[in-house]
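Engineer: Please model the entire structure based on the sequences and the hints provided.
Protein chains in written order, with this note's numbering: chain C, 131 to 517; chain R, 131 to 517; chain Z, 131 to 517.
No lab work stands behind these hints: they were computed from the structure. Some hints here could point you the wrong way.
As the list makes no split between identical chains, a pair holds if one copy fits it or if it spans any two.
Restricting the straight-line Cα-Cα distance to at most 25 Å, the calculated cross-link-like pairs of lysine-lysine (PhoX-like) are [unchecked claim]:
#1 320 <-> 384
#2 383 <-> 440
#3 253 <-> 384
#4 316 <-> 384
#5 383 <-> 315
#6 315 <-> 253
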Amino acid sequence: MKLKRMFLFLLAIMGTSVAAFANEEVGSLPQSIIADMHYNKAIHIMAMLLLGFGFLMVFVRKYGRSALTATFLLVSVTLPLYILGKGNGLLGSSHNEIDNLIFAEFAAASLLIAAGAVLGRLKMPQYIMLGMLFVPFYMLNEWLVLDNGLNIVPLGSVVDTGGSIVIHAFGAIFGLGVALTMTTKKELEKPIEADATSDRYSMLGSMVLWVFWPSFCSVLVAPDQVPHTIVNVILALCGSTLATYIFSIGLRKKINIADIANASLAGGVAIGSTCADASYTAAAIIGILAGGLSTFGFAVIQSRQQKWMKLIDTCGVTNLHGLPGLMGGLAALPLIHGINMGGHLSGIGVTIVVAIAGGIITGKVLPLMGRREEAYDDAEEFMDAEA
Amino acid sequence: MKLKRMFLFLLAIMGTSVAAFANEEVGSLPQSIIADMHYNKAIHIMAMLLLGFGFLMVFVRKYGRSALTATFLLVSVTLPLYILGKGNGLLGSSHNEIDNLIFAEFAAASLLIAAGAVLGRLKMPQYIMLGMLFVPFYMLNEWLVLDNGLNIVPLGSVVDTGGSIVIHAFGAIFGLGVALTMTTKKELEKPIEADATSDRYSMLGSMVLWVFWPSFCSVLVAPDQVPHTIVNVILALCGSTLATYIFSIGLRKKINIADIANASLAGGVAIGSTCADASYTAAAIIGILAGGLSTFGFAVIQSRQQKWMKLIDTCGVTNLHGLPGLMGGLAALPLIHGINMGGHLSGIGVTIVVAIAGGIITGKVLPLMGRREEAYDDAEEFMDAEA
Amino acid sequence: MKLKRMFLFLLAIMGTSVAAFANEEVGSLPQSIIADMHYNKAIHIMAMLLLGFGFLMVFVRKYGRSALTATFLLVSVTLPLYILGKGNGLLGSSHNEIDNLIFAEFAAASLLIAAGAVLGRLKMPQYIMLGMLFVPFYMLNEWLVLDNGLNIVPLGSVVDTGGSIVIHAFGAIFGLGVALTMTTKKELEKPIEADATSDRYSMLGSMVLWVFWPSFCSVLVAPDQVPHTIVNVILALCGSTLATYIFSIGLRKKINIADIANASLAGGVAIGSTCADASYTAAAIIGILAGGLSTFGFAVIQSRQQKWMKLIDTCGVTNLHGLPGLMGGLAALPLIHGINMGGHLSGIGVTIVVAIAGGIITGKVLPLMGRREEAYDDAEEFMDAEA
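Structural biologist: Written out as structure tokens, the structure is:
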């Protein structure tokens with residue numbers, strides 16, 4: 131009977147559709163609801179970019195206006211460049227409008243990390259140029275590592291949900307490349323000073339990053355994996371925060387507030403690759419290890435790095451984003467069931483190569499635009515900035 | 131056959147309902163999901179009101195406690211006044227609870243803009259009175275321009291999704307009206323001072339506004355238009371931020387941090403009318419033009435306005451909200467397909483008239499409550515505020 | 131006819147399901163949408179914990195780095211402890227992952243309130259120990275009062291949606307218990323100093339709390355009650371903010387900025403118990419009364435409390451969370467239709483007993499870890515903190 135068959139067909143469709151909706155399969159949520167979920171997290175990430183990275187860099191006491199202005203400019207260069215680039219089919223296909231924005235924000239985050247390595251030693255037009263040079267390298271790496279560009283890294287083999295590798299490590303290594311080429315002898319001798327007010331601003335930035343980090347890591351995760359991802363990120367951050375305190379006091383006798391503001395975030399950096407899959411315990415352990423490693427970096431490695439490599443990493447991005455980012459990337463090897471080890475490692479390798487090459491090239495170009503007379507001082511570029 | 135017809139009827143209803151859901155038509159999303167989407171943006175707007183406007187006004191170095199307290203009071207007067215007014219059917223019909231709150235927040239934003247023009251020259255009870263006088267004029271204008279009150283402006287003819295006209299321009303012109311009537315000779319001679327700490331607080335406010343601006347503009351847009359609206363707003367803000375830097379250095383030789391904190395936001399102001407409809411390119415261009423215009427206002431117009439009109443606009447709301455708001459309103463004429471030009475322009479005209487009249491009346495009333503002895507100084511009204 | 135019956139059955143199911151969705155019954159929204167709604171509010175609460183409570187406590191001018199570090203540590207101890215405790219079935223059954231996180235955040239909020247009472251007088255390891263001792267008492271009270279632990283308080287009889295009783299009053303009374311046992315004579319003589327910068331940081335914290343308070347109160351409310359809850363919370367906050375200004379100037383002649391930063395929030399504290407049920411008018415009145423009561427506490431009670439009880443309550447948590455929390459709890463008696471008065475009051479009673487006992491025990495344990503040499507000073511524990 132025709133009617134009966136039509137009816138059963140309807141039953142099947144309706145049943146499937148409603149069941150799918152109830153069973154949380156991604157595709158079944160209406161597109162405007164998915165877009166809204168992504169949007170809220172995109173705004174959280176925007177808060178991280180401007181308020182988080184911006185204020186974290188205000189720790190340089192005479193360079194606050196500059197750090198914040200540079201943050202504004204770096205973000206304002208990256209977002210349109212990336213969105214328009216992707217929109218024109220450059221280096222990989224485009225996503226929907228909100229997701230394009232989110233990928234552009236990831237690029238901006240990575241750029242701000244890179245800029246942290248040379249903070250205070252570029253003029254404003256040089257920050258803008260840094261952004262314009264950085265974005266193509268970043269997009270190239272994204273294409274090679276995540277989109278199987280040139281067939282080097284097998285599609286889907288790099289596990290990096292929250293960007294430990296392609297965002298954090300890439301940005302830090304790129305920044306080191308720039309710093310390596312550009313650091314002058316005069317800069318090596320000039321101390322970077324903080325005070326009570328700049329420290330508190332820096333903690334403000336740090337806390338903004340901490341608060342919104344779960345959104346950064348979970349924004350592109352399937353809806354039914356989001357809750358577990360979020361709790362993992364928070365446990366990792368709690369772990370690194372506690373470890374930072376313990377290592378700071380252990381390695382230095384007194385607490386260093388810059389350790390707290392920075393290394394507390396290392397858990398967020400390191401959990402990026404495995405945030406959707408790790409168990410609570412694994413997440414907490416990754417956080418603790420990352421916090422310890424990062425604090426060790428700030429307390430022990432940074433001064434040696436400066437002496438031996440003759441480079442200044444103003445914000446210590448090596449210690450906050452570089453080492454914990456690589457650690458997080460490697461943590462995926464034992465933790466992710468059925469990971470393609472070779473593919474994953476080749477993704478890390480490509481990232482390191484592109485970042486260091488891009489950084490060094492950029493570090494050669496920027497000085498063509500001149501050099502600052504005085505590092506870390508608003509007064510050189512800002513009116514009425516003596517106060 | 132009755133059953134068959136019933137079945138086909140059911141098929142039609144179910145089919146339509148599910149399809150509509152999938153096709154993103156607004157009405158088809160459950161009310162509690164729409165309410166949640168609006169709620170998240172309502173909270174973003176609340177952050178703009180208190181943290182954004184509040185800290186942007188902390189640039190006056192000795193008047194920070196007062197600026198923040200005034201912000202608290204202005205918001206706390208406006209929200210209940212507007213919500214209870216609408217709830218009692220005053221000047222137009224009421225919305226659902228969340229949307230009523232959002233319209234009340236818009237009123238508070240416009241009031242904070244108006245207050246910016248006379249910041250530092252009112253006593254606390256005068257800020258409260260300013261709010262109580264402002265809200266009725268604001269609601270009157272909203273009714274005339276958007277709700278066809280008195281049949282002057284045809285319903286739906288004013289395109290102003292994000293409030294370039296009825297929020298930004300209205301608030302700025304109202305504030306100018308107050309400043310025009312109230313500015314004293316003594317105030318004209320007293321410099322408005324900032325310092326490194328107040329500048330950084332001001333940048334904090336600016337960044338909060340920047341970050342959450344997409345929510346401000348998209349909160350009442352249909353869900354399927356939200357993603358495009360959001361990217362437009364961000365592109366406009368990027369445009370104005372870059373333009374501000376270029377114009378600031380171009381017009382002044384060195385960067386003025388107040389330009390950066392303020393004019394960077396002009397793209398958000400100006401994109402308000404066309405944010406849901408403009409193309410990416412148009413949005414970026416509106417942003418660039420608005421940033422340039424606003425910076426020109428701060429660098430060139432403001433000092434002349436002060437000399438010729440004998441008025442002080444403490445926060446430069448003319449340059450951040452007035453000119454870019456009007457520019458944004460006019461940008462709708464060429465950009466919006468099929469716009470009712472006469473209706474749209476009459477909406478702008480009515481807004482200007484109500485704002486200037488309301489502002490002048492308010493400026494006559496407030497001095498009846500006395501005058502401050504010393505402008506821009508916490509110590510007059512706050513305990514232990516010498517430090 | 132079989133087909134007909136099947137069809138009607140289908141009709142019934144589909145009809146119910148679609149209607150339920152449209153009628154906003156909670157259970158009918160897909161789990162991942164509910165989780166996302168809760169998640170957004172969980173992040174708002176996280177902003178309150180770190181940025182809100184953290185910066186509110188920066189009012190102590192030489193103790194900003196410490197207050198922020200302590201906030202980081204207190205939160206980082208509580209969240210894993212609570213999540214892992216619940217996960218192992220300790221004191222009541224576990225929720226889903228997001229809701230577990232939210233309950234853990236509530237515990238952290240309560241702990242930060244308790245810590246406010248002794249702020250500046252603990253060493254960092256003591257803050258960590260405070261957290262480790264607090265959490266079990268908090269979970270015990272939650273179990274007794276909300277989960278019918280030991281059959282003392284009937285299930286569902288305590289009306290406390292936004293935590294006036296089990297979060298605010300509990301935290302404040304616990305903190306008082308600690309302060310009562312620990313305050314030294316030297317501390318009683320040392321003034322707690324603020325300055326313009328610390329005051330503005332404190333206002334930043336206050337505003338963050340104000341902005342996100344509606345999420346705190348509405349996060350666990352049924353979706354269709356959320357809009358009304360939110361507007362109620364905002365009206366209560368507006369009421370307390372206006373009342374605080376009026377009482378501050380009335381009781382002290384000049385405005386005290388600490389009153390504004392603190393007592394403005396009392397409406398949020400007091401509306402907690404009845405936020406989902408009160409009328410707009412009742413919410414506004416509760417806010418006004420709470421703001422008045424809290425300001426009276428800061429202006430009049432605090433100095434006497436110090437003299438008579440020989441205890442210092444550094445942040446005045448008695449006045450912000452203790453009295454308004456109890457007031458809010460009692461306000462449920464006349465306002466909630468059909469409330470189980472005995473059960474509700476026994477919940478308040480149990481909360482007071484557990485809090486005071488827990489606080490006193492904790493206050494006996496903490497001094498075993500030694501004492502600070504100098505209260506309210508970063509320099510004792512932080513490097514380069516003289517500036």
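Engineer: Should residue 316 paired with residue 384 be assigned to within, between, both, or neither, using CA atoms and 25 Å as the limit?
Structural biologist: between (30 Å within a copy, 24 Å between copies)
Engineer: Between copies, within a copy, both or neither: which fits residue 315 and residue 253 at Cα up to 25 Å?
Structural biologist: within (18 Å within a copy, 41 Å between copies)
Engineer: If the cut is 25 Å between Cα atoms, do residue 253 and residue 384 qualify within a copy, between copies, both or neither?
Structural biologist: between (35 Å within a copy, 12 Å between copies)
Engineer: Between the shortest in-copy and the shortest cross-copy C-alpha distance, which are at most 25 Å for residue 320 and residue 384: within, between, both, or neither?
Structural biologist: Both. Shortest intra-copy (24 Å) and inter-copy (24 Å) distances satisfy the 25 Å Cα cut-off.
Engineer: For the identical chains here, do residue 383 and residue 440 meet the 25 Å Cα criterion within one copy, between copies, both, or neither?
Structural biologist: neither (27 Å within a copy, 34 Å between copies)
Engineer: When no copy is specified for residue 383 and residue 315, does a C-alpha distance of 25 Å or less occur within a copy, between copies, both, or neither?
Structural biologist: So residue 383 and residue 315 fail the 25 Å test inside a copy (31 Å) and across (29 Å) alike.
Against the hints set out earlier in the document, violations occur for numbers 2, 5.
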